[in-house]
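Colleague: Listed here are the chains, written in short residue letters.
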Amino acid sequence: MSRVLVYVEHDGEAIRKGSRQALGVAASIGGAQVEALVIGKGAAGVAAKLGAYGVTKVHAVEYDGAYATGVWTGAAQSAAGDGDCLILASHTSFARDFAPRLGARLSCPQVSDIVELSGDLGGIEVKRPIFAGKAFETLKSEAGRLIVTLRPNAFAEPEAGGGGAPEINEIAVPEVPAALQTTVIEVLKPDTEEIDLTEADVIVSGGIGVGGPEGFDTLRPLQKTLGAALGSSRAAVLAGWISPDHQVGQTGKTVSPQLYIACGISGAIQHRAGMSSSKCIVAINKDPQAPIFEIADYGIVADLFKVVPAFNEAIAKIKAS
Amino acid sequence: MKIVVTIKQTFTTEAKIAVDGGAISDKGIKQIVNPYDEFAVEQAIKIKESGGAEEVVVLTIGPERAGEALRQCLAMGADAAFRVWDDSLAAPGAWDVYATVLAGALEKMKPWELLLAGWVAVDDNAAIVVQRAAETLGIPQVLVVNKLDVGDGKVTAVREMDGYREVVEAPLPALVTADKALNTPRYPTLPNIMKAKRKPLTVWTLEDIGVTAGSAGFTRTGLALPPAKTGAKIVEGEPEEAAVALADLLHTEAKVI
Ligand SMILES: Cc1cc2nc3c(=O)[nH]c(=O)nc-3n(C[C@H](O)[C@H](O)[C@H](O)COP(=O)(O)OP(=O)(O)OC[C@H]3O[C@@H](n4cnc5c(N)ncnc54)[C@H](O)[C@@H]3O)c2cc1C
Numbered sequence: 000m001s002r003v004l005v006y007v008e009h010d011g012e013a014i015r016k017g018s019r020q021a022l023g024v025a026a027s028i029g030g031a032q033v034e035a036l037v038i039g040k041g042a043a044g045v046a047a048k049l050g051a052y053g054v055t056k057v058h059a060v061e062y063d064g065a066y067a068t069g070v071w072t073g074a075a076q077s078a079a080g081d082g083d084c085l086i087l088a089s090h091t092s093f094a095r096d097f098a099p100r101l102g103a104r105l106s107c108p109q110v111s112d113i114v115e116l117s118g119d120l121g122g123i124e125v126k127r128p129i130f131a132g133k134a135f136e137t138l139k140s141e142a143g144r145l146i147v148t149l150r151p152n153a154f155a156e157p158e159a160g161g162g163g164a165p166e167i168n169e170i171a172v173p174e175v176p177a178a179l180q181t182t183v184i185e186v187l188k189p190d191t192e193e194i195d196l197t198e199a200d201v202i203v204s205g206g207i208g209v210g211g212p213e214g215f216d217t218l219r220p221l222q223k224t225l226g227a228a229l230g231s232s233r234a235a236v237l238a239g240w241i242s243p244d245h246q247v248g249q250t251g252k253t254v255s256p257q258l259y260i261a262c263g264i265s266g267a268i269q270h271r272a273g274m275s276s277s278k279c280i281v282a283i284n285k286d287p288q289a290p291i292f293e294i295a296d297y298g299i300v301a302d303l304f305k306v307v308p309a310f311n312e313a314i315a316k317i318k319a320s
Numbered sequence: 000m001k002i003v004v005t006i007k008q009t010f011t012t013e014a015k016i017a018v019d020g021g022a023i024s025d026k027g028i029k030q031i032v033n034p035y036d037e038f039a040v041e042q043a044i045k046i047k048e049s050g051g052a053e054e055v056v057v058l059t060i061g062p063e064r065a066g067e068a069l070r071q072c073l074a075m076g077a078d079a080a081f082r083v084w085d086d087s088l089a090a091p092g093a094w095d096v097y098a099t100v101l102a103g104a105l106e107k108m109k110p111w112e113l114l115l116a117g118w119v120a121v122d123d124n125a126a127i128v129v130q131r132a133a134e135t136l137g138i139p140q141v142l143v144v145n146k147l148d149v150g151d152g153k154v155t156a157v158r159e160m161d162g163y164r165e166v167v168e169a170p171l172p173a174l175v176t177a178d179k180a181l182n183t184p185r186y187p188t189l190p191n192i193m194k195a196k197r198k199p200l201t202v203w204t205l206e207d208i209g210v211t212a213g214s215a216g217f218t219r220t221g222l223a224l225p226p227a228k229t230g231a232k233i234v235e236g237e238p239e240e241a242a243v244a245l246a247d248l249l250h251t252e253a254k255v256i
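Each protein sequence line maps, in turn, to chains A and B. Here numbering that gives the first Met the number 0 is used: the first residue of the first sequence is 0, the next is one more, and so on. Here numbering that gives the first Met the number 0 is used: the first residue of the second sequence is 0, the next is one more, and so on.
Think of the hints as simulated: they come from the structure by calculation, not from any bench. Don't take each hint at face value.
[Unchecked claim] With beta-carbon atoms standing in for the labels, derived distance ranges:
| hint | chain 1 | residue 1 | chain 2 | residue 2 | range |
| --- | --- | --- | --- | --- | --- |
| 1 | B | D19 | A | G121 | 43 to 51 Å |
| 2 | B | D25 | A | Q288 | 26 to 34 Å |
| 3 | B | K29 | A | Q288 | 23 to 31 Å |
| 4 | B | E235 | A | A319 | 21 to 29 Å |
| 5 | A | G30 | B | G221 | 45 to 53 Å |
| 6 | B | D19 | A | I167 | 48 to 56 Å |
| 7 | A | A43 | B | V18 | 30 to 38 Å |
| 8 | A | G143 | B | I28 | 46 to 54 Å |
| 9 | A | V186 | B | E235 | 23 to 31 Å |
| 10 | A | K188 | B | P199 | 21 to 29 Å |
| 11 | B | A17 | A | S117 | 49 to 57 Å |
| 12 | A | K278 | B | I28 | 41 to 49 Å |
| 13 | A | G44 | B | T11 | 45 to 53 Å |
| 14 | B | V202 | A | G44 | 50 to 58 Å |
[Stated by the list, open to error] Okay, derived cross-link-like pairs now, DSBU-like style, lysine-lysine, Cα gap no bigger than 35 Å in a straight line:
| hint | chain 1 | residue 1 | chain 2 | residue 2 |
| --- | --- | --- | --- | --- |
| 15 | B | K26 | B | K194 |
| 16 | B | K29 | A | K285 |
| 17 | B | K194 | B | K146 |
| 18 | B | K109 | B | K1 |
| 19 | A | K126 | B | K15 |
| 20 | B | K107 | A | K223 |
| 21 | A | K285 | A | K252 |
| 22 | B | K254 | B | K196 |
| 23 | A | K278 | B | K15 |
| 24 | B | K228 | A | K285 |
| 25 | B | K29 | A | K318 |
| 26 | B | K26 | A | K16 |
| 27 | A | K318 | B | K232 |
| 28 | B | K194 | B | K254 |
From the three backbone atoms N, C-alpha and C, an ideal C-beta is built for every residue, glycine too.
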């Protein structure tokens, strides 16, 4: 039987979607003993919820500060222990930061940003996009200890329910030597609370076709109706119409929502790199030759300023019924 | 102060990917310095130009061809370049081995105070190797950085987190990885390209850096192109009518609304 340790990210109360998906992957591994690692303020409360995901033991670190590489790496090292263990985490900014260092400490291999996983420890196979989704590689590892980070939204979210209270193993906040200490001096929050692109189910995205910063106002009502995140092309970012946080693509965010609606985006290869794994792609573009139509599932060839408001109204009607 | 920048040679982002004999074909493909690494090189040169460093050295793990990428960094303004290679490193999935090799080379290059790299390579998309090496070397890291100050024995950097940013300090020596808004990389001028040809480029074997590679944690068992899309179903009609029909299709056919 293998031990699977899932790093569970949270906001003090709710479990992050990508972590719930990782818990689902853990539970799908036959006969695995699922454990979790929870770090941060409110860790104990989050730990108590994890029985419903099939977790039997939680390593909890009650910690008041901001994310710190040394603390996270040290806690994960304690939780992993000495024996065989498959360590799973959603490929978030935290995991991207500590997972490689954990690999060095545990002297075990790591693979990142995978979209499929099969097998069990000793014979795990994973699939992951390379060349920005222009190809997929399958990799196999026979290691008994392994770290795997999962692309957000590439895995289904499990049903939570039942399960007993997990055993809690409280871990003291690890000591970090001075030479390794990083200090967060300031947290810069965005002006508005936007839905995180990487975990969004629906993304409404705008490009040069929206015509200017105010063009995004045409997309906002639709974004709201759909409960979507707002994306953009790099050209719109470079034009200064929208902040870089919204950029989707090779040098922006990589997203795989259920529904991606590209409005006035031509579909350059670098843009497609960030969104081609979306389940359903809709393109609204007045140029029938725009390459975005090659990868879209549905398209409308027309002026987006005529389409989007009517589309929003129609969606609102469907949602209301 | 000496700055080391680790770089990787990658395909251009426009490259069309083809599979040939179970491997990605590099036939006819233009290779460049990984775009994020270019930001790291530019930043290092900027720090040197502003008097914050005496020397900028670039390091890569790569076959002979990767020497071209190093020459480009030298033409941008780096002072010296190092390339480590062994044919056993050609297999994919060997991030653990690469980290060991990189740590070995960086150990040999000591003393240096700042290690810069791109936050991810656009080809293998792993973002593992240099961070893993940093742990082995016992230095802190600040990743995905869009603003960087170096001075007083520390780095102060603005890093990208999911949905927010943080201003972070770390003592030197430290690793900082670059994101796209850090700077605008310069184009090498012709005189600098000529000059770069005379700058030192050292090639190391694994023996030279005292590293035995060991076996990789992963081996590649398959490679495939994404399934071809058949093209969009175009919803016809007046824009407003098409919009309503599209909403309906997404609800009843695609079932995504
Ligand atoms: C190294 C590198 C990295 C890059 N990284 C990224 C990246 O991460 N993300 C990214 O997006 N790009 C990236 N790019 C840029 C990319 O190549 C394109 O330039 C960019 O994606 C184009 O943005 P766009 O589609 O908004 O603009 P355009 O290509 O100008 O397309 C605008 C589209 O809007 C349509 N349109 C205009 N008016 C209307 C209207 N009223 N109604 C409907 N349609 C209309 C036009 O028909 C056209 O198809 C990168 C480039 C390089 C070289």
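Colleague: Give a verdict on every hint.
Modeller: Taking the hints in turn, this is what the structure says about them:
1. One distance hint, 43 to 51 Å for the beta-carbon pair D19/B and G121/A, is violated here, with the actual separation near 32 Å.
2. At roughly 30 Å, the beta carbons of D25/B and Q288/A sit within the given window of 26 to 34 Å.
3. Distance hint for K29/B and Q288/A: a CB-CB separation of about 25 Å, consistent with the stated range 23 to 31 Å.
4. At roughly 26 Å, the beta-carbon separation of E235/B and A319/A lies within the given 21 to 29 Å, and the hint holds.
5. Distance hint for G30/A and G221/B: a CB-CB separation of about 26 Å, inconsistent with the stated range 45 to 53 Å.
6. For D19/B and I167/A, the hinted distance range of 48 to 56 Å is satisfied, since their beta carbons lie about 53 Å from each other.
7. As the Cβ distance of A43/A to V18/B is approximately 50 Å, the hint placing it in 30 to 38 Å is violated.
8. Between G143/A and I28/B the beta carbon distance is about 38 Å. The supplied range of 46 to 54 Å is therefore violated.
9. For the hinted restraint 23 to 31 Å between V186/A and E235/B, the CB-CB distance of approximately 49 Å leaves it violated.
10. Our hint of 21 to 29 Å for K188/A and P199/B is violated, since their Cβ atoms are close to 46 Å apart.
11. For the pair A17/B and S117/A, the beta carbons lie near 26 Å from each other, so the given range of 49 to 57 Å is not met.
12. For K278/A and I28/B, the Cβ-Cβ distance of about 30 Å falls outside the hinted range of 41 to 49 Å, so the restraint is violated.
13. Checked against the given bound of 45 to 53 Å, the beta carbons of G44/A and T11/B, roughly 49 Å apart, stay inside it.
14. Range check, V202/B to G44/A: Cβ separation about 56 Å, and the 50 to 58 Å hint holds.
15. At most 35 Å may separate the alpha-carbon atoms for a hinted pair to count; K26/B and K194/B meet this at roughly 29 Å.
16. Of the pairs offered as hints, the one joining K29/B and K285/A holds, with about 33 Å between alpha carbons and a cut-off of 35 Å not exceeded.
17. The straight-line distance between the Cα atoms of K194/B and K146/B is roughly 30 Å, inside the 35 Å bound, and the hint therefore holds.
18. Taking the CA atoms of K109/B and K1/B, the gap is about 9 Å. The hint holds against a cut of 35 Å.
19. With a CA separation close to 20 Å, the supplied pair K126/A and K15/B stays within the 35 Å bound.
20. The suggested pairing of K107/B with K223/A is violated, with an alpha-carbon distance near 55 Å, which exceeds 35 Å.
21. About 25 Å separates the Cα atoms of K285/A and K252/A, which keeps this hinted pair within 35 Å; it holds.
22. For the given pair, K254/B sits about 59 Å from K196/B by alpha-carbon distance, which is inconsistent with the 35 Å threshold.
23. For the proposed pair K278/A and K15/B, the alpha carbon gap of about 22 Å is at most 35 Å, so the pair holds.
24. Between the alpha carbons of K228/B and K285/A the distance comes to roughly 21 Å, so the proposed pair stays at or under 35 Å and holds.
25. Only pairs whose Cα atoms come within 35 Å are accepted, and K29/B paired with K318/A is rejected, the gap being roughly 49 Å.
26. Restraint check: the Cα-Cα separation between K26/B and K16/A comes to about 41 Å, which exceeds 35 Å; the hinted pair is violated.
27. Restraint check for K318/A and K232/B: satisfied, since their Cα atoms lie roughly 23 Å apart, inside the 35 Å limit.
28. Our distance criterion of 35 Å between C-alpha atoms is broken by K194/B and K254/B, whose separation comes to about 61 Å.
In summary, the numbered hints that this structure violates are 1, 5, 7, 8, 9, 10, 11, 12, 20, 22, 25, 26 and 28.
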